[in-house]
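Sequence lines, in order, name chains A and B.
Those letters in the first sequence? Residues 1 to 167, by the numbering used here.
Those letters in the second sequence? Residues 1 to 412, by the numbering used here.
Misleading hints may appear alongside valid ones.
Short derived list, chain B residues pointing at chain A, Cβ under 8 Å [what the hints assert, rightly or not]:
| id | residue |
| --- | --- |
| 1 | T24 |
| 2 | L31 |
| 3 | L36 |
| 4 | L43 |
| 5 | G45 |
| 6 | A46 |
| 7 | P69 |
| 8 | C71 |
| 9 | L348 |
| 10 | A351 |
| 11 | P353 |
If you are wondering where the hints come from, they were derived from the structure by calculation, not from laboratory data.
A virtual CB, placed ideally from N, CA and C, is assigned to each residue, including glycine.
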Amino acid sequence: MNEPAHGPVPMVGTGMLMVASTVQASPVVLLAAAVALLLVLAAARRPGSWIVVLAALAAAVATAVGGPSLAQGCASGLLTLVFLGTAEARRTLHRHTGPLTWLRNRSRLLFGGLGGVVAVLVGGLWDIGSAWLSTAGVLALGAAYLLAVHPLTRPGETAPPNPRRTP
Amino acid sequence: MSTVAVRWQPTRLALALATCAGITVLAGAILGKIELLGFAAPLLGALAGGRQRQRPAGSLTVETRLQHPRCLEYDEVPLTVDAGANGPVDEISVSLPSPHVETSTRDGRTFMLRPGRWGRWSLQPRVAAYAHSGLAETTLTAERTELRVYPAAGTLAAMPRPADLPDRAGVHIGRRRGSGIEFAAVRPYQPGDLLRRINWTASARRGQLHVTDRLAEQAAEIVAVVDSFSDVPQPGGSTLDLGVHGATSVVQTALDRGDRAGVVALGGILRWVGPDVGERQFYRVADTLLEVRLDDAVVEPDLGRIPRPALPPRAAVVMFSPLLDRRALASVRDLRQRGCALVVVDTLRTAPPTGRDSRIDRIALRLWRLERRRVEANLTDLGIPVVRWPVGHLLDEVLGPLARRPLPGRTG
């Protein structure tokens, strides 16, 4: 456990970046950022708890009260994604053969996040209106949530045979 | 190899992403802040990007191979876990949670086990498979494999033996006259004596034939008794650890000398192995000792139940006990009444903890020490020597003084 990847350093580092990206001049924003920072530090001590999610939500609140641009919001969201990833790494990295293997298997998440950012930024260029975009976001969220929460294989269901192994 | 159907579940990361994204999008829609949608976009993108078109595997196959199911303490034993999936998965990882066995692995498949304590340890590798870029996971526990760790104990240079030896050929010089090499006496010739036993010098001096008698070389019967009624943690190994290691040393030494050795484990459940010879006997004894545990059942030991061959009256009994349980003390007296030559090794090395400035505690400790002395004195009065096994001393040093002369058995 002496490797830096296993310790809290990546988690605290990305969490601080996440919080710092939300800081604006308003005292309310500073307060929200301070709360988020405390939650990041608490989450670093308990990476397997729901404090991690609370820290990410606190960062979202700090973003909301700061009134940043769309690009700044996207940057905060991207850092939140990395923060949640480091929390997951801290919790599960010991089961894997190495940090690089773990990262390679989750690279699609990062690419997906970048894709989401690009999609929103491109969508923001067009004057569609925030209401339509919000509705689309809610629908996308519902689909993604069902996809993640619903069991992907039902009990008793067998996977199709792998053609590569068929003689 | 076993194939187990698995059920995939979302990982904590998937739930965290979904929760954060959901709340943020809802807040953005309600408050009309498009920046929050920008915040949620990477999270939603990650959820969508991680989803793969193919369904993950419906079952996992796990095969566990333990190269040596039996080993000694601190031996290194490789355990290989081969895990595979009948379908697409991102990664399969294997972990081996085991509180009693130190494990290490480099490739995540072959684990080097280094058990630090004797016993029967169950090993159940846990296999975790990940799919959808780590958004879905499934875990299963492989079939249980048992590792039998025998206590590592050396042989003793000297060991107590009974004065009364049974009629078996061995290495100990007994009282009976026979065909050994140790001189016993010179007596007049009797019809039937072997001619090669005639002592010509004595015959010429006394004017009639005399023969030289020699002492027979006999084998001893040694029974080690382990008191497992109580197990007190202490420096240098708990009382039960000391007892099991000591019993193993005694049995191994006896078997190496060609003596017959057995073991009796006193506890909630009485276990024994009658005295016998050979290397196979050592493993029978070791297997019996592995069963010694802190049994929860409170069963009064009845030594009358032990069959006579398991505890022969001419056997020398070496008992390892902390002398804390009254049932163990009763067993010592019963053994003595059976006529066994008995030695008790006190395995307790520590006194009860007391407060620094508590006068009551100090008085209680003095009373406890007086009670211990009374117990030792009672056993000594019965003709049972009690020796302590202090920290830093080998069992050789403890039993050596008792090996100088044979232990007396039944008197009268």
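Which hint numbers does the structure go against, in order from smallest to largest? Violated hints (numbers, rising): 7, 8, 9, 10, 11; every other hint is consistent with the structure.
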